[in-house]
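Student: Going line by line, the protein sequences match chains C and A.
Numbered by the numbering used here, the letters in the first sequence go through residues 1 to 545 in order.
Numbered by the numbering used here, the letters in the second sequence go through residues 1001 to 1355 in order.
Treat the hints with care, since some could be wrong.
Covered by chain C, per the in silico footprint, the following chain A stretches (three or more residues, Cβ under 8 Å) [to be verified]: (1) 1048-1055; (2) 1059-1069; (3) 1173-1179; (4) 1304-1317.
Honestly, the hints are just simulated from the structure, not real lab data.
Cβ coordinates follow ideal geometry from the N, Cα and C atoms, glycine included.
Below are the chains, spelled out letter by letter.
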Amino acid sequence: MMLERFALRSRGLLAGVAMSALLAVPAFAVTPADTLVEGFAFDDIISMDPGEAFELSTAEVTGNTYDLLVRLDLSDTSEVKGDLAESWSISDDGLTYTFKLKPGMKFASGNPITAADVAYSFERAIKLDKSPAFIINQFGISGDNVTEKAKAVDDTTFQFIVDKAYAPSFVLNCLSATVASVVDSKLVKEHVAAVTPSADYKWDNDFGNAWLKTGYAGSGPYKLREWRANEAVVLERNDNYNGEKAKLARVIYRFMKESSAQRLALEAGDIDVARNLEPNDLDAIAKNADLATTSAPKGTVYYISLNQKNPNLAKPEVRQAFKYLIDYDAMASTILKGIGEIHQSFLPKGDLGAIDDNPFKLDVAKAKELLAKAGLADGFKVTMDVRSKQPETGMAESIQQTLGQAGIKLEIIPGDGKQTLTKYRARNHDIYIGNWGQDYFDPNSNAQTFASNPDNSDSAKIKTLAWRNAWDIPDLTKETEAALLEKDSAKRADMYKGLQKKILDTSPFVIIHQQLEVAGLRKNLKDFKLGPSFDTNFVWPVSKE
Amino acid sequence: MSVAENQAAAGRGGARAVAILSSIGRFLVIAVTTYLGLLAVTFFIGRVIPIDPVLAVLGDRAPTAVVERTRREMGLDLPLIEQFYIYVKNALSGDFGTSVLTTNPVMSDIRRVFPATIELATLGTIIGAVIGVPLGVLAAVRRGSLIDQIVRIIGLIGYSVPIFWLGLLGLVLFYAKLQWVAFPARLDVVYEYTFTPITGFYLLDAAMQGQWDVFYDAYRHIILPASLLGYFALAYISRMTRSFMLNEMAQEYIVAARAKGLSETRIIWGHALRNAAVPMVTVIALSYASLLEGSVLTETVFSWPGIGLYITNSLQNADMNAVLGGTIIIGSVFIAINLLSDLLYRLLDPRTKPG
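With the hints as extra help, turn the sequences into a complete structure.
Tutor: If you want it as C-alpha cells, here you go:
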C-alpha cells in the first residue's frame, strides 16, 4: 500500500488542511446520561493485574477500581491518608507498621474485606515478582519471608515489617502505589492456575495472574467490566463500595489513537472527554464555547543527558555549558505550550521537597566561555538519539539550533521509541533526549535514578539513569541513601532540596520541563479533574448536567 | 451422441481435471515454499532490528533482575538458530506465541480482529466492483466522450489522493457536518452492552439475531470507511475494466455480432463484458487481497479494530510475536486468494470449457 505509506508521512500536514477546511461543527449526538465516554489511546495496557501492571493507562483504571491501605492525599501530595486503613501506628524501632482496617467493608463481589486479603495481595505481588514488585521488595521483603513480613494479625489488623528504620513518609508513599492494591483473595483463589516450579519461579501456582490480566477482584468505586485491547475499557459502578458511591453508572474508555479524530468526536458530542490532544487541537477546543480544557502537572520530567563515556561531554564545563544552550523560553511558548511547564530540577512539583527554581536561561556567551575553559572553543561534533515523536523531535531541533550558536554541531539520529531506548540502556549514545516518570509518589523514586549509581561497571546489577550515562557519583549515592532513613519529614525534605541543587549544578542531566497532562471535555461535565499522578485521575466524582 | 463422442467428451473432461489438479499441485508447492520463506524472512527481520524484545514486555521501568529473568523465560538467551527452529515448529502447528500487548495467544487475537477487516474489505470490494465495472464499461464504450473523461478523473483522484486525507475529509463532512454517518468505531456506545457478536461480522451477526437497530447502527459505522476503500478499489477496477473492454471491442467477433444485427446492449453486456470478465476476476481478487492486508490508515482514522491497526500497534510496541503472526496470516491469505482466483480463471475461461 504505497499510498498509505506516503500518507503516513504527510498526515500531520494534511490533517491540518482537512481540519481547517470546515471549521464550525454543529453538535447533535449525545452520550447516554449515566455514562462517561472518554476517547483515549490506551495501547500501552498489557495487564489489568495490579500486581503486574506498571503502565500509565492501567494506573488510571487500577486507581478507579481498586482500594489501597493508604492513598495519596490530593490536598497535600507530600502526605498520605487512610483508604481501607482507618489508622496506623509505627513501632519505636521504626520497623513495624500496624494498620487497622475500617470495619464492615466489602469487595465488589460481596466478600468481606479482611486483613487476610491485604496479606494475600502483598504475598502474590512479591511472589509474582513482576515489574512493580520492587516498590515493595525494596523493604527487604522476598518470596521466602513475605508471609511473616506482611501478615494478618486478626481480621482487621495488618502488620508490615521492614528491614531498616526508613523514613515513614517513604514507606507510606510506596504503599500508596498501585502494586499494593488489595485484591479479593477468595475470588482470586477460585481462579488460580497450577504452575510447575522452576529455578526462576519457585511457586506451584500463578496466584490468579493469568485470570487477573483481564479479570477483576477489587473494591474500588468502579469495577472493571471488561478490557478489549485497542477497543474499549468498560467500568461499571460498584454498588458495594464502602465510600461515597460513584455518580455515573458506567465509564467507557473508547480506544481512539488520533488527536484529530478525538477532537471531531468531542465536538460532535460522541465522546465526553478527549484525552490525547495535540497542541493545535487543544487550541481549537479551548476556543469552542461548548467545550473546556483542563490540565494537571504529572510526575514526568523531560531531559537530555550526556553520556560520560564521551570525553568531550565528560568535562564539567561542557556539562554546564549545555545547560546554558537550551532556549527554555522559546520552547515553553511554542512546542510545549499547554503540554509542559519549564522545570529544571529532578523532583516533579508536588513531591516532598521539590524545588521549583529554574536558574538556567539561554546564554550563548556564557556557554562559549565555559567551552573555551574546557579547551573546546571551536566546538565539537556530537550525536543525539531522538525518538520520532513530539515533543522530542521539536525539542531536539531547537537544541540543535542553539548548540550551533556555540559551535557544537549536533547530528540528530531519529529512531523508533524502543530502538533509541535499547541503545540508551546499553550506554551506546552520545546524547539522549527522553522523559522519566516517577515509579511511585515519593522523592526517592527520582533521586535514586538521577542521583545515585552504586556500581558504574558495565555488569552492574542496578542500572539507574546515572549509570546509563556512566556518571560515577559515590558521594551523591550515599546522600541519597541517607535521605531514605531520615525520620523527620522536614529534614528529609531539606536533604532532597540539597540533592536537587547539586544535580542542577554538576550533573550530565539537563532537565527541561515537567509534563502537563491535558484533556478536552464537554461543558456539561461536572467535577472532571486530572490528578497529580496517573493513578489519581479519578472518574468517580464526575457527573453530568 | 454416439458412444465415441461420449468417450471423447469424457476424455476431454478427464484431461481438464488432470490439468486443474496438476495446477493445484504446482500451486501448493509454490505456496509452501513461499510460506516457509515468509516465516524465515519475518523471523530474522524481527530478530535483527535493534530493539530489545524484553523492553516490549516490561517497559523501561522494570528492575534489572526482572529483565534478566524475562529474557530467559522468553527463550531469548538461546542461539538464534535454535530460536528459529522452535518458532517454525510452533508456527506450523498454528501457535505464534503470545502477544505482549493483549496477553492473548496471537492466533486468538487474529481470529478476533480479522473479521473486522474482512467485513470492511468485502463491503469495500463489493462497492468498488459494483460501481467500478459499469463505469469502466461506459468509459470504454463512449471512448473520448465526456463520461470517459469523468471516469478518468475519478480514477486519477483515487490513485493519487492519500486515503488518510480523504478519510479525515469524509469524517469532517459526513460525520461532523452532516451527521449522515456515525463516529469512528464499529458500534455506538449503547450497543456495547446489548450486542454479543457471534462471527465477528457485525452486519451478519445483527441480521442473524434479528437485531435490526444494531444492524442499522453497524451500517452507519461501516459505510464511510467501506465507501472509502470501495472508492480506491473502484479507481483501479474501472481503469482495468475500460482497457479490457477496449481490447474486446476491437475483436472480430464483435464485428461479426454487429453484422448479425445484434443489439448494441447485447453485444456490450452479453458478449464483450463476458469475455472481459475473465481477467477482471484476477483484478478484483487482487484488489480484495490488498484491502484484506489491512488498510492501516483507514483503520487508524476510523478506530476500526482490524488487523491493520493490530499489526501497526504491535509494531509500535515492539510486540514481535504479534507482528510476525499477523504478517504470516496475511501472507497466507494472499497466497490463498491467488490460488482461488487462478482456479476461478480456469473455470470462467471459455477456452477451457468442456464439450
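Student: Three or more residues of the region 1304-1317 of chain A near chain C by CB distance under 8 Å?
Tutor: Holds: 6 residues of the region 1304-1317 of chain A have a Cβ under 8 Å from chain C.
Student: When I compare C-beta atoms, does the region 1173-1179 of chain A have three or more residues closer than 8 Å to chain C?
Tutor: n = 5 at 8 Å, threshold three: holds.
Student: Counting residues of the region 1048-1055 of chain A that have a beta-carbon nearer than 8 Å to any beta-carbon of chain C, does the count reach 3?
Tutor: It holds, with 5 qualifying residues against the three required.
Student: If you count the residues of the region 1059-1069 of chain A with a beta-carbon closer than 8 Å to a beta-carbon of chain C, do you get 3 or more?
Tutor: It holds, with 9 qualifying residues against the three required.
When held up to the earlier numbered hints, the structure conflicts with none and fits them all.
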